[in-house]
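There are 2 protein chains.
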Amino acid sequence: MENFTFYAPTYFAFGKDSESKAGELVERFGGTKVLLHYGGGSVVRSGLLDRVKKPLDAASIAYIELGGVKPNPRSGLVYEGIDLCRKEKVDFVLAIGGGSAIDSAKAIAAGTVYDGDFWDFYEGKPVEKALPIGTVLTIAAAGSEGSPDSVITREDGMLKRGASGEAYRPRFSILNPALTQTLSAYQTACGVTDIIAHLYERYLTRTKDVEVTDRMIEALILTMINEAPKVIANPDDYEARANIMWAGMIAHNNCCGVGRTQDWNSHCIEHELSALYDCAHGAGLAVTMPAVFTYVLSNDVTRFAQIAVRVWGCRMDFYHPEKTAKEGIDALRRFLKSIGMPLTFAELGAKEEDIEKMAATCCLDGPLQGFAKLDAQDVAKIYRLML
Amino acid sequence: MENFTFYAPTYFAFGKDSESKAGELVERFGGTKVLLHYGGGSVVRSGLLDRVKKPLDAASIAYIELGGVKPNPRSGLVYEGIDLCRKEKVDFVLAIGGGSAIDSAKAIAAGTVYDGDFWDFYEGKPVEKALPIGTVLTIAAAGSEGSPDSVITREDGMLKRGASGEAYRPRFSILNPALTQTLSAYQTACGVTDIIAHLYERYLTRTKDVEVTDRMIEALILTMINEAPKVIANPDDYEARANIMWAGMIAHNNCCGVGRTQDWNSHCIEHELSALYDCAHGAGLAVTMPAVFTYVLSNDVTRFAQIAVRVWGCRMDFYHPEKTAKEGIDALRRFLKSIGMPLTFAELGAKEEDIEKMAATCCLDGPLQGFAKLDAQDVAKIYRLML
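Protein chains in written order, with our numbering: chain A, 3 to 389; chain B, 3 to 389.
Treat the hints loosely; a few may be bogus.
One copy or two, it doesn't matter: identical chains are merged, so the pair holds either way.
Unchecked claim - The calculated SDA-like cross-link candidates involving lysine to any residue, where the alpha carbons are at most 20 Å apart (straight line), are:
1) K131 x Y13
2) K23 x P134
3) K127 x Y81
4) K23 x E4
5) K210 x Y240
6) K35 x Y116
7) K131 x F31
Please keep in mind that the hints were generated in silico from the structure rather than gathered at the bench. A quick note: this is a predicted structure, and the numbers were derived from the prediction, not measured.
All chains should be built: construct the whole structure from the sequences, respecting the hints.
Shown next, in the form of structure tokens:
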């Protein structure tokens with residue numbers, strides 16, 4: 003195991019009606035004037051926005067609003083949010099929504115207290131300072147509610163890039179599984195796929211003898227396999243929603259990724275798809291993951307055989323472990339299809355003629371490093387596996 | 003899943019030589035004058051104490067020392083530590099050792115800033131305020147390095163009791179698996195048993211449909227089953243030590259215990275044994291757990307069958323699930339024996355004639371509540387199963 007540090011000081015209020023704690027939590031973490039940041043109309047229509055405002059009013063906490071966050075959140079709205087926060091002297095950013103609202107809120111929180119262009123953070127500058135951030139989560143997916151990460155798309159060139167830093171860890175996150183009951187089956191499945199991707203990206207390691215984190219990752223994928231079909235069949239299954247929601251946080255707060263190299267090549271390769279075609283990140287990952295895994299399988303057959311046996315219930319073929327390894331990838335593909343995810347470029351609306359361009363953009367900063375080293379040629383071959 | 007809050011803001015520095023960070027970490031969390039609190043001579047003899055003092059000196063942090071913590075730490079030394087901290091105006095307590103040193107440090111940290119008798123906390127008063135606490139862990143076992151809990155034994159009546167509160171969460175914990183390589187096989191196995199107990203105590207729940215935490219607990223017990231024999235065979239196996247150390251923290255910081263009722267009856271019943279005979283807590287748990295589980299098995303056969311199949315690799319007997327459930331307990335017993343743990347009263351040096359007295363003390367505040375409700379008569383019967 004490699005040396006590491008782990009610090010995850012987010013306060014989680016989990017369960018039914020937990021959004022009623024928004025006031026006391028903003029107060030506890032020092033907010034006096036809050037930016038409420040959210041996406042489209044569903045947060046308003048569902049009455050959630052009002053249910054968050056009520057406890058803020060009760061705690062005499064001032065707030066302003068900025069809606070309009072889109073999936074694959076854009077830099078334009080971030081600049082707008084930064085200007086607004088500075089003008090209004092906001093001291094706390096509260097995201098209400100999923101990964102997009104939270105990631106956008108993080109960028110605004112860092113940009114507000116930074117003299118330069120916030121995009122610097124998305125080109126590699128560590129995020130060391132930001133306004134305190136809180137979240138009210140409405141979809142189990144990105145894990146941004148407990149992570150130090152944020153992904154933003156710059157309109158100019160449609161570059162989708164990530165930033166990271168301890169200042170990006172939310173001070174508190176409100177996790178009410180009931181809020182996810184109104185999601186469509188498709189949105190739910192996209193979230194589940196993103197969670198599974200966060201787990202595979204950590205599972206695909208070059209570090210040996212990391213049994214504890216291997217086992218934890220397997221446990222969380224097994225949870226997805228057990229719980230996702232329940233919520234697809236019955237959107238109101240609160241218990242299954244709750245299992246998925248907590249698993250989504252644990253999957254990405256990194257307690258099961260410490261001390262080991264991680265991959266993230268599937269995420270990088272997918273980002274080009276969602277940046278260019280504006281598809282859902284989870285849907286893009288469903289198409290991307292099996293292709294990437296098939297391409298890199300020979301790098302460590304045992305790793306893929308282990309997850310095939312332990313997670314997907316495949317029988318180990320000791321004479322031909324690569325068969326078992328492939329069976330595991332097939333099982334993943336079947337599972338993703340069973341919850342309604344796309345598996346091909348065509349289903350995603352992606353186009354073969356864009357492959358070379360996407361591969362080049364993906365490797366703009368050099369070959370991808372992770373479980374396997376992949377240059378633009380490799381990435382193009384992987385995209386072709388998705389045709 | 004039940005509503006819950008989860009807040010685990012401990013900073014972990016994990017890996018080789020991580021004790022060299024003691025200075026910067028005490029500084030980061032506001033300490034200027036530190037009580038170094040530890041047990042017997044091994045911390046001194048091994049040179050660890052000096053390796054902790056060096057970075058403190060380099061950071062110009064003042065410190066005083068209080069050694070002498072014993073296993074099953076006593077109230078007498080806690081009172082001494084409180085007097086010392088007040089007299090010397092200590093503002094940070096750094097425990098160097100295992101659960102005993104850490105639990106004693108927690109009691110001192112709370113008692114120093116409390117006007118009444120610190121024992122109040124061990125009679126149920128929530129711990130709301132304490133000096134900040136740091137730890138340098140030397141045995142993977144108690145999980146106190148990442149938990150809000152502490153257990154102290156009062157000499158007067160040999161009462162062993164626990165206290166809990168967010169102020170008891172260490173600000174930082176230094177986890178260097180190499181420090182555990184000098185432990186004897188017996189000490190190591192006691193630690194492993196304690197970790198397994200923390201997991202079973204959470205597994206035995208009355209809450210239904212908590213797949214995510216079920217799976218996480220199973221993952222961590224599977225890790226123990228895989229890694230413990232390696233360190234018993236080869237004490238210098240750093241990788242196995244590292245897996246056990248991280249698992250020990252995760253097992254008890256409660257991320258796998260949230261949203262579900264927990265048990266803790268095995269701990270309560272064991273506490274009487276270690277209080278009276280001063281045996282190692284882990285050894286006491288090895289004797290206690292199988293007896294408790296056998297006694298309460300009929301309360302939820304399915305629960306015990308699930309862990310038997312998923313963790314212990316038993317084949318499910320669908321006609322006679324109770325057989326599978328019992329097989330799981332037998333497998334636990336065999337595993338504990340294989341790592342050198344005792345399984346009977348005699349091996350522990352416990353005496354049949356003390357049973358009624360222990361059962362009465364154990365239920366002094368009423369029947370135990372947990373997976374099953376157990377009154378003094380039940381507890382006495384459970385002790386008899388250990389004969």
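Going through the hints against the structure:
{"no.": "1", "hint": "K131 x Y13", "in the structure": "both (19 Å within a copy, 18 Å between copies)"}
{"no.": "2", "hint": "K23 x P134", "in the structure": "within (17 Å within a copy, 27 Å between copies)"}
{"no.": "3", "hint": "K127 x Y81", "in the structure": "within (18 Å within a copy, 49 Å between copies)"}
{"no.": "4", "hint": "K23 x E4", "in the structure": "between (39 Å within a copy, 16 Å between copies)"}
{"no.": "5", "hint": "K210 x Y240", "in the structure": "between (38 Å within a copy, 12 Å between copies)"}
{"no.": "6", "hint": "K35 x Y116", "in the structure": "within (19 Å within a copy, 35 Å between copies)"}
{"no.": "7", "hint": "K131 x F31", "in the structure": "both (15 Å within a copy, 18 Å between copies)"}
Hint violations for this structure: none, all hints satisfied.
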